[in-house]
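K.L.:
Sequence:
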Amino acid sequence: MSGAVRHVEGQWYDAEAGPLVRPYAMTGGRTKPGPHGVRFDLIALVVVDPAGGDGDGAGGAAGPPLGPEHRALLGLCRSETQSVAELAAEADLPVGVVRVLLGDLLEAGHVKVSRPVPPAQLPDERILREVIEGLRAL
15 MSGAVRHVEG
25 QWYDAEAGPL
35 VRPYAMTGGR
45 TKPGPHGVRF
55 DLIALVVVDP
65 AGGDGDGAGG
75 AAGPPLGPEH
85 RALLGLCRSE
95 TQSVAELAAE
105 ADLPVGVVRV
115 LLGDLLEAGH
125 VKVSRPVPPA
135 QLPDERILRE
145 VIEGLRAL
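In my numbering, the protein residues as written are 15 to 152.
It is worth saying that the hints were derived from the structure and are not from the lab.
Take these hints with a grain of salt, some might be off.
Cβ-Cβ distance ranges computed for the label pairs, FRET-style [to be verified]:
(1) Ala151 / Gly89: 17 to 25 Å
(2) Arg150 / Ala65: 40 to 48 Å
(3) Asp55 / Ser93: 19 to 27 Å
(4) Thr95 / Gln135: 17 to 25 Å
(5) Gly89 / Asp55: 30 to 38 Å
(6) Pro108 / Pro132: 33 to 41 Å
No residue lacks a Cβ here, since even glycine has one placed at the ideal position from N, Cα and C.
Required output: the full structure, derived from the provided sequences and hints.
P.N.:
Next comes the structure, spelled out in C-alpha cells:
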C-alpha cells in the first residue's frame with residue numbers, strides 16, 4: 015500500500031513523505047503576511063537583522079516564541095541573503111506559507127527585507143560600457 019496515509023501514535027504519516035503538517039497549521043490559518051499587508055515578491059531579498067534578537071522570542075524582539083518553521087527560515091538567512099523563492103525551495107515549503115512566516119519575522123524585527131532594483135531603473139548597458147572604456151583609457 016505505497017503512499018498510504020496512516021495514523022501512528024497521535025501523528026499522521028504518509029509512507030513516502032513522512033509526517034504531514036498542513037500549511038494552514040504553520041501559519042495559524044493566515045494567508046496574508048502580517049496586519050500591515052506587507053507583500054513579498056519572489057525576488058525580495060531577506061537577511062537576518064542582527065539587532066532582532068536570538069530568534070526564540072525571548073531576545074531583543076517582542077512577541078511569542080517562534081515556531082520550528084520560523085527558526086528554519088532564520089537559519090537559512092543567517093549564512094547569506096536569500097530571496098523569498100530560494101527560502102521556499104530550501105525550506106521545502108509553499109511560497110504562500112513562507113510569505114506569511116516572513117511577515118511574522120519582519121514584524122518581530124528578526125529579518126530585514128529589501129527589493130532588488132527593477133531592470134527598468136538600472137543604468138543603460140551602453141552607458142556602462144562607455145564608462146568602462148573611459149576608465150581603461152586612463
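K.L.:
Run every hint past the structure and note whether it holds.
P.N.:
The hints, checked one at a time:
no.: 1; hint: Ala151 / Gly89: 17 to 25 Å; result: violated (48 Å)
no.: 2; hint: Arg150 / Ala65: 40 to 48 Å; result: holds (42 Å)
no.: 3; hint: Asp55 / Ser93: 19 to 27 Å; result: holds (22 Å)
no.: 4; hint: Thr95 / Gln135: 17 to 25 Å; result: holds (20 Å)
no.: 5; hint: Gly89 / Asp55: 30 to 38 Å; result: violated (22 Å)
no.: 6; hint: Pro108 / Pro132: 33 to 41 Å; result: violated (25 Å)
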